[in-house]
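Trainee: Chain U is already provided as a structure; the job is to place chain F on it using the hints.
Chain order of the listed sequences is U and F. Be aware that the first sequence starts at 8, since it is given in my numbering, and climbs by one per residue. Be aware that the second sequence starts at 21, since it is given in my numbering, and climbs by one per residue.
Hints listed in this document are in silico derivations from the structure and should not be mistaken for laboratory results. Any given hint could turn out to be false.
Below, a sample of chain F positions facing chain U; criterion: calculated Cβ distance under 8 Å [as the list claims (entries may be wrong)]:
1) VAL187
2) PHE307
3) PRO349
C-beta: ideal position from N, C-alpha, C; glycine also.
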Amino acid sequence: MSAGSGSDRSRRDTLRDHYESAVDKVTPHLVRFATTSPYERLLISVAALALSVVVGGLIVFGSGMVATCQEPFTFHLVLFGNELWTWPTTSCYDPWAVYSSLLSGATGNLSANIYNYELALTLKESTLLIFTGLSVAVAFKAGMFNIGTQGQLVLGALASAIVVVTLAKVVPGGLVGTFVLIPLAVLTGAVVGGVWGAIPGALKAYAEANEVITTIMLNFVAAKLAFFLTSSYFQPENTQSVETAEIPSYATLNPWLFPQGSKFAIVAFLFGLVLVAAIWYVLTRTSYGYDLRTSGIQPRAAEYSGVNADRTMVSSMALSGALGGIGGTIWVLMVMGRFQVGVPAFGFDGITVSILAGNNPIGAIFAALLFGGLKAGSLAVQFETGVPKQLVGVLRGLIILFVAMPEFFRMVGRRVVDPRELGGDHDE
Amino acid sequence: MSNTRSIRSALNRKTLRRGLAAVAGLAALVTIVAGLIFPGSFAGTLLGIATKQGTIEHALRLCVPIVFAALGGIYAEKSGVINIGLEGLLIISAFTGVLVTSELGPQSTVGPVPSIWVGFLAGILASTLLALLFAVVCIEFRADQIIAGLAVWLIALGLAPFAATVVYGSVNSASVGTFGDWTVPVLADLPYVGPILFSAAPTVFMMLVAVPLAWYSLKYTRFGRYVRASGENPKALDTVGVNVHKVRYAAVTLSGILSGIGGVGLSLGQAGIFIGSGQTMVNGKGFIAIVAYLFGNYNPIGAFGAGLLFAGLDAIQLRLQQVPGYAVPDQLIQMIPYVTVIVVLALVGKTRVPDAAGEHYESGEER
Numbered sequence: 008m009s010a011g012s013g014s015d016r017s018r019r020d021t022l023r024d025h026y027e028s029a030v031d032k033v034t035p036h037l038v039r040f041a042t043t044s045p046y047e048r049l050l051i052s053v054a055a056l057a058l059s060v061v062v063g064g065l066i067v068f069g070s071g072m073v074a075t076c077q078e079p080f081t082f083h084l085v086l087f088g089n090e091l092w093t094w095p096t097t098s099c100y101d102p103w104a105v106y107s108s109l110l111s112g113a114t115g116n117l118s119a120n121i122y123n124y125e126l127a128l129t130l131k132e133s134t135l136l137i138f139t140g141l142s143v144a145v146a147f148k149a150g151m152f153n154i155g156t157q158g159q160l161v162l163g164a165l166a167s168a169i170v171v172v173t174l175a176k177v178v179p180g181g182l183v184g185t186f187v188l189i190p191l192a193v194l195t196g197a198v199v200g201g202v203w204g205a206i207p208g209a210l211k212a213y214a215e216a217n218e219v220i221t222t223i224m225l226n227f228v229a230a231k232l233a234f235f236l237t238s239s240y241f242q243p244e245n246t247q248s249v250e251t252a253e254i255p256s257y258a259t260l261n262p263w264l265f266p267q268g269s270k271f272a273i274v275a276f277l278f279g280l281v282l283v284a285a286i287w288y289v290l291t292r293t294s295y296g297y298d299l300r301t302s303g304i305q306p307r308a309a310e311y312s313g314v315n316a317d318r319t320m321v322s323s324m325a326l327s328g329a330l331g332g333i334g335g336t337i338w339v340l341m342v343m344g345r346f347q348v349g350v351p352a353f354g355f356d357g358i359t360v361s362i363l364a365g366n367n368p369i370g371a372i373f374a375a376l377l378f379g380g381l382k383a384g385s386l387a388v389q390f391e392t393g394v395p396k397q398l399v400g401v402l403r404g405l406i407i408l409f410v411a412m413p414e415f416f417r418m419v420g421r422r423v424v425d426p427r428e429l430g431g432d433h434d435e
Numbered sequence: 021m022s023n024t025r026s027i028r029s030a031l032n033r034k035t036l037r038r039g040l041a042a043v044a045g046l047a048a049l050v051t052i053v054a055g056l057i058f059p060g061s062f063a064g065t066l067l068g069i070a071t072k073q074g075t076i077e078h079a080l081r082l083c084v085p086i087v088f089a090a091l092g093g094i095y096a097e098k099s100g101v102i103n104i105g106l107e108g109l110l111i112i113s114a115f116t117g118v119l120v121t122s123e124l125g126p127q128s129t130v131g132p133v134p135s136i137w138v139g140f141l142a143g144i145l146a147s148t149l150l151a152l153l154f155a156v157v158c159i160e161f162r163a164d165q166i167i168a169g170l171a172v173w174l175i176a177l178g179l180a181p182f183a184a185t186v187v188y189g190s191v192n193s194a195s196v197g198t199f200g201d202w203t204v205p206v207l208a209d210l211p212y213v214g215p216i217l218f219s220a221a222p223t224v225f226m227m228l229v230a231v232p233l234a235w236y237s238l239k240y241t242r243f244g245r246y247v248r249a250s251g252e253n254p255k256a257l258d259t260v261g262v263n264v265h266k267v268r269y270a271a272v273t274l275s276g277i278l279s280g281i282g283g284v285g286l287s288l289g290q291a292g293i294f295i296g297s298g299q300t301m302v303n304g305k306g307f308i309a310i311v312a313y314l315f316g317n318y319n320p321i322g323a324f325g326a327g328l329l330f331a332g333l334d335a336i337q338l339r340l341q342q343v344p345g346y347a348v349p350d351q352l353i354q355m356i357p358y359v360t361v362i363v364v365l366a367l368v369g370k371t372r373v374p375d376a377a378g379e380h381y382e383s384g385e386e387r
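Chain U with its partners taken away, still in its complex shape (with noise of 0.2 Å):
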């Protein structure tokens, strides 16, 4: 989080002033929100996840008192088979319900089949979450809160479909096309989300303009810029929606051991585990990843210590780009075969799976396989219980806020643990 450029008078001027703004005073509290053990972060993002979980519960029981149905449902308390308590409700949606529909449509029957569609469906949002989880939590361990994955990735999503529509004309199908195809994808997406991502990091390094609004600005003009170019240049004639031609079937990746229909290849969650891999690498034993985690925990002590803030700036949006990049190769290839407007918010959802993570590029496996699931087990819930799938962006909404809030998590703790330490000291 610095800024400068030109002559280094000036940039040392720019630097001084820089640390006496207060962007930079959001950076302690960014640093405490970093730097908790790791133990702790893990115990108050479960706890966060319970709260929402709960929040979201009460919201679900409230709406179903608006809603209209036949009959609300009845609260039945059973404890050891005896019936302790019946209250007939007058809301329409039992949360219990909602939740065990959620459990079951996330994972389906494993005990009868492991390679369910329901598991299938959940493993390919998390498939996608995962790159845009890495994403957001790449430009968070930097320092910058990129909340333009979603940007990254529409446009990484068009430019690779381009790409495989327009080569499949002279590369030859089969294997061979697959061979040289998808790289080809993967890498396209990976550069234009890359540059797309880099936009912010320049405007922030060199003009100190915050990467949040810009990002935010960025994702309206991608999704913009997509519908142009798609409905004016990509658009086949006899298509009613805004999207490109079909990609051919050997550019695609298919479901393995899954249904056919589930749209979940496994080649792609192992690429996502391999990128979160790599990405941990980069991040813990290069030089370069210890200048950007300095970055973005003590960026003075960077650079003084001769880090280049800016290129770090510019190079890790770039990263955090083309990784959301390739996240919408992968809905391209895996889900969609074509490119189409209207995508869906795996970006603003990355957001969500890093928070949760703690930005810990494996911590965001496992957020994104959670995250995978609620999403995909809402679609049951809608179904089964009427109560809209739009719930999972209230959850999203809710779990944010609460992982923001440590505070309250340690006060509960404190309260709980040792109730003499109240009103002692707030800081550890």
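Mentor: Frame of chain U; chain F shown alone:
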């Protein structure tokens, strides 16, 4: 030493902003002159559109949510709480206003009050409650303000379409109509300015009142001084016996009230419906508001000018789409306001942010 540097840098910023304004003014002047000389040219068309009474009326209406959210953002940030969740406050109030109006029946009344005005108040209440939640999370639980603000946005972005689906069966609401225009007799008959300034949606009048009020309250009232001190030097404020937390609560609550008026002004003042697909009908206006007040350097009047500029661009692009002969695709023209926001932010860059903004303040007594 560092002080002189800050001052110099601030001067540079000021020069830059002035330069920017000068360039914009020059470009406008060139367009006007070219338009007057060659009425058939693009500049002529542009001038015709920009000065059309309808365009200016439209721009005033479009800037209501941006300006109100910006006013709210100014209070919050001046007091030391960066409220990046303005977008969420706009969404929740836009939706709640429509919801309550439609549940009461758009044509019915509650006592002597038409239901749409009950909806108006309900929307403001919803936004205020969400802002209070944000305040509690930031002030009591010392949450990171940026993440908490983001959560406010995402909660509203999830909650409004969810609730709309529960009630209406779709992410969009039923149509409930708008406030209609208020007309000042006699003055409204003035040529050109009459219809623009004296016959408009009620929320436009409210905005025209709120902007100077906000400016006055921040600059000349005791509350305004407290707000500024709470953002610049909370310790000093604490020392003279003013509760910093209370000031911040008040400022953030105020940002909820103001954003609430903006949100309802969007749904009940303009559209008469809530649209919940994609980024909802708010569509980034809360974030544009942040840039508007940064561009206006935390001055309510400056923020109003910036908001009017962004909304004016939007109004012009909407008209431009209807002009035959300019085959610029809609989607490209629609980018203009967003790209402008990025360019403005890049050129203005860092503004003189209140010193303690984003910082949690812990009063000594609590320890």
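Trainee: None of the hints should be skipped; say for each whether it holds.
Mentor: Evaluation of the provided hints:
Interface restraint check: VAL187 (chain F) against chain U, minimum CB-CB distance 6 Å, threshold 8 Å, status holds. Evaluation of the PHE307 (chain F) hint against chain U yields a held restraint, the C-beta minimum of about 5 Å falling below 8 Å. Against a cut-off of 8 Å between C-beta atoms, the interface hint on PRO349 (chain F) holds, since the closest Cβ of chain U lies about 5 Å away.
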